[in-house]
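Novice: Here is how the chains run, residue by residue.
2 protein chains.
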Amino acid sequence: MTGIAEQPTEASHPPEVTLDEVVALCKRRGFIFQSSEIYGGLASTYDYGHYGVQLKNNVKAEWWRAVVQERDDMVALDAAILMHPRTWEASGHLEGFTDPMVDCRTCKLRFRADKLEDSACGRKPSVHPGEHSECDLTEPRQFNLMFETFMGPVRDDAARVYLRPETAQGIFVNFKNVLQFARKKPPFGIAQVGKAFRNEITPGNFIFRTREFEMMEIEYFVRGEDADRWHQQWMEDRMRWHTDLGIRPDHLRLRKHGPDELSHYSSATSDIEYLFPMGWSELEGIANRGDYDLSRHAEFSGEKLEYYDQDKGEAFVPHVIEPSLGADRSLLAFLVDAYDTEEVEGRKRTVLRLHPRLAPVKAAVLPLVSKAGMPERAREIYEQLRARFPAEFDEGGSIGRRYRRQDEIGTPWGITVDGQTMEDGTVTLRDRDSLEQVRVPADDLAERLGAKLAEPWLSPKLG
Amino acid sequence: MTGIAEQPTEASHPPEVTLDEVVALCKRRGFIFQSSEIYGGLASTYDYGHYGVQLKNNVKAEWWRAVVQERDDMVALDAAILMHPRTWEASGHLEGFTDPMVDCRTCKLRFRADKLEDSACGRKPSVHPGEHSECDLTEPRQFNLMFETFMGPVRDDAARVYLRPETAQGIFVNFKNVLQFARKKPPFGIAQVGKAFRNEITPGNFIFRTREFEMMEIEYFVRGEDADRWHQQWMEDRMRWHTDLGIRPDHLRLRKHGPDELSHYSSATSDIEYLFPMGWSELEGIANRGDYDLSRHAEFSGEKLEYYDQDKGEAFVPHVIEPSLGADRSLLAFLVDAYDTEEVEGRKRTVLRLHPRLAPVKAAVLPLVSKAGMPERAREIYEQLRARFPAEFDEGGSIGRRYRRQDEIGTPWGITVDGQTMEDGTVTLRDRDSLEQVRVPADDLAERLGAKLAEPWLSPKLG
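Residue numbers (this note's numbering), protein chains in the order written: chain F, 1 to 463; chain H, 1 to 463.
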């Protein structure tokens, strides 16, 4: 008999998890920290710790596998964050990527003109700006959301550059390069993962909306007449990606943007929304950008940005379908959806029911006690496993406490080395979700777990 | 008989490859493009294309595997690019991360005061600034190399932030967080991959020195008395990483910095230098930063940044060994070292002899001809393989031309589907380096190539 016998006393069900609970777990287990915390933090900026980096890398890797590696029609790109400033004239961001702001001449604070009801007067915080007798607000002025800096030794207009507010433009300005070398014809896409920056006035909700964030974007180029069909197809493909990785289908929905919500470049956008703790919110946007971007860059650069169809002897400007997903936001949805608590033999257990491919650590190897050669044997097994996938070795504290720790970081498999291991070479393999324990030969573990990682996964949340 | 019989007529040897040849291959095969090329480019900024992204991802993944996944003593971190501005006061970058600049009052150009001999006078380019009778240079002034921007709606001193010039500081300010959750004690390290930005006056040599670049940094915390020993150990470990991945040992050397070269934080630095086409140049720096950073951040933040040793009942500020490698620069070294040309049956062949784990594409599946069911069978094989690793299917053009294309992107294995495949299920497996072709059952390919990828690799460059 190894470890502790564990049986959940209640059926697992979607928890009413709060954002605070998720934030607390992230801090406690080193997933995510407030940035520059020793200096009081930098507003709405976060640093990923040990497990957070690995979870985020896994989210990006699964996206990459699905949209690049396992498709024929996709080309990868990684464009620089700093781009030629003409890019933002052509894209419309210099002119259109703005929020209206008002200043109060009395308290000297600045507010978003369209969000006054979410703001507090500087003199009397219980009322909104403009509602106090001393408030003296300016007319709204447009405030651009791009971060601006200067490149080179001289600070003049010619040296002004911007931190990209979206990765998409790096794709559009490379459209011609990709056509030349990649031998693709529409329909085909360009996929990119990278950071973007927006000087948001009201960031918030932990990593949901931050000023520095990472995007996973696809620009998919099609004939204009095929755009609606591909828009529909991408909504289905992307919805399936989230559910294949374990997000509960009833926590996802599609919502079509109204005409007043559309970005300046978009002719139609639908959001995949997730039921975050603060309510239904955008997870992934799937926009039909039409031929806006390629036409604008063609106009501003003087280059022909079109596809010449040799069979039909005609050139056309492709239309663009853009599935755009924030990596941080996707990670938050996976964390929220995986977060579960249940009672096991009278004690509360917190567990992240992450898809095994997303889990930061795949297996933890635990000697039952720190004697009789068990730590040494456990270490050998751990070293074999970590050559294949991320694994941990943990010999400190009671076995129950070590299981709890692995449950909280979402490790799908616990491996216990006990007295019987020393006799017959078998170990206990514990399943994070079912708590089932089976004895298997230690020598088979790498192969067995490797195979499990390659298989489709049936989420226990759907059970 | 399948494909073309291929035999090199000359022994492979280190080529005298020029930077221009590497740049041309990168452009031709879509590894790397000039950024924002349709707008005339942005100086010294580059975008990674399809194969370039994958090569770079592989370089980062191999670094990660070696320094995080396969070690016990390392914790991962991914800190934000934008940090609290006090960070840069504490680190010394606001004061010390500068280059001396002079302005010419006549031609209005600005030059690095310590590199006048590398610059050209604005009036008479054949002479250096200061050598023409009309030159009127100012006294040198210090120019800070950090990119500056403003966060939030108001542009005042309190809102001024910087793009990090190194990832290291994100590690130091999180030292306390990591100690709290990660249960590590010195010696242990924190590893991070991320972008950094330096407003270099003289970037150049393709991706060797750029203003936006990606770093792979380790800060390794040890007792002061152990620092020299760990400095030595890390030089050996890091040197072996480069050679394990195929860099020729005789293209690498260690060089110790002289006292006048040391950064403001360093008490000793050794560079791993690589024999780039422009000569021996820094590939990876391995610095002994002493207790400079933790002590400075403790002073500026008021937090105790030390390790309390419970066994000895004493607290101490760890010293730091820092192996710091540019991902772009490492990729360039791999490209240069892998670049080879040879004559095969009277025709020149260009081949990238990349380590198979670094190669962007692992296997190309090629139907010998586009008929008799071969394309369909080849596509089936390709779809099986790409579920395991990046693979390509290519049916266009002569088989020789398709091999050449794969050679140029460094694909280690070519798989040809021919008439015999349709009869007995075997395919031709061609080795990129030896050009050896063997027949193997198609059904064994995924397993066989997967195993080869996991094995150590013997570089043909050493043969």
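If you are wondering where the hints come from, they were derived from the structure by calculation, not from laboratory data.
Yeah, the Cβ is synthetic: ideal placement off N, Cα and C, and Gly gets one too.
Please note: incorrect hints may appear among the correct ones.
[What the hints assert, rightly or not] Quick look at which bits of chain H chain F covers, simulated, 3 or more residues with Cβ under 8 angstroms:
#1 29-42
#2 171-177
[Claimed, not checked] DEER-style ranges, computed between Cβ atoms:
#3 Gln-310/F <-> Gly-92/H: 25 to 35 angstroms
#4 Ala-387/F <-> Glu-383/H: 52 to 62 angstroms
#5 Ala-387/F <-> Glu-303/H: 32 to 42 angstroms
#6 Asn-205/F <-> Asp-73/H: 16 to 26 angstroms
#7 Leu-19/F <-> Gly-92/H: 49 to 59 angstroms
#8 Leu-94/H <-> Thr-106/F: 52 to 62 angstroms
#9 Gln-232/H <-> Gly-92/F: 18 to 28 angstroms
#10 Gly-400/H <-> Leu-19/F: 20 to 30 angstroms
#11 Glu-380/H <-> Gly-396/F: 45 to 55 angstroms
#12 Arg-255/F <-> Val-438/H: 39 to 49 angstroms
#13 Phe-300/F <-> Gly-130/H: 18 to 28 angstroms
Novice: Can you tell me whether the CB distance of Leu-19/F to Gly-92/H sits inside 49 to 59 angstroms?
Specialist: The hint (49 to 59 angstroms, Cβ to Cβ) is violated, given that Leu-19/F and Gly-92/H are roughly 38 angstroms apart.
Novice: Ala-387/F and Glu-383/H, beta-carbon distance inside 52 to 62 angstroms?
Specialist: violated, 28 angstroms
Novice: Quick check on a hinted range of 45 to 55 angstroms for Glu-380/H and Gly-396/F, using CB atoms only.
Specialist: holds, 50 angstroms
Novice: Using the beta carbons of Gln-310/F and Gly-92/H, state whether their distance is inside 25 to 35 angstroms or not.
Specialist: Taking Cβ atoms as reference, Gln-310/F and Gly-92/H lie about 60 angstroms apart, which means the hint is violated.
Novice: The hint says 18 to 28 angstroms between Gln-232/H and Gly-92/F; measuring C-beta to C-beta, is that right?
Specialist: Roughly 56 angstroms apart at Cβ, these two residues miss the hinted range, so it is violated.
Novice: Given the range 32 to 42 angstroms, decide if the beta-carbon distance of Ala-387/F to Glu-303/H lies inside it.
Specialist: For Glu-303/H against Ala-387/F, whose Cβ atoms are near 38 angstroms apart, the range 32 to 42 angstroms holds.
Novice: Does the Cβ distance between Phe-300/F and Gly-130/H fall inside 18 to 28 angstroms?
Specialist: violated, 40 angstroms
Novice: Quick check: the region 29-42 of chain H, covered by chain F? Criterion 3+ residues, Cβ under 8 angstroms.
Specialist: holds (count 11)
Novice: Between the region 171-177 of chain H and chain F, are there enough contacts, at least three residues with CB-CB distance under 8 angstroms, for the coverage claim to hold?
Specialist: Per the Cβ count (4), the hint holds.
Novice: Could you tell me whether the CB distance from Leu-94/H to Thr-106/F stays inside 52 to 62 angstroms?
Specialist: violated, 34 angstroms
Novice: Would you say the C-beta atoms of Asn-205/F and Asp-73/H sit inside 16 to 26 angstroms of each other?
Specialist: Once the Cβ atoms are compared, 36 angstroms apart, the range 16 to 26 angstroms for Asp-73/H and Asn-205/F is violated.
Novice: Could you see if the CB distance from Gly-400/H to Leu-19/F stays within 20 to 30 angstroms?
Specialist: violated, 60 angstroms
In the structure shown, a violation is registered for the earlier hints numbered 3, 4, 6, 7, 8, 9, 10, 12 and 13, in ascending order.
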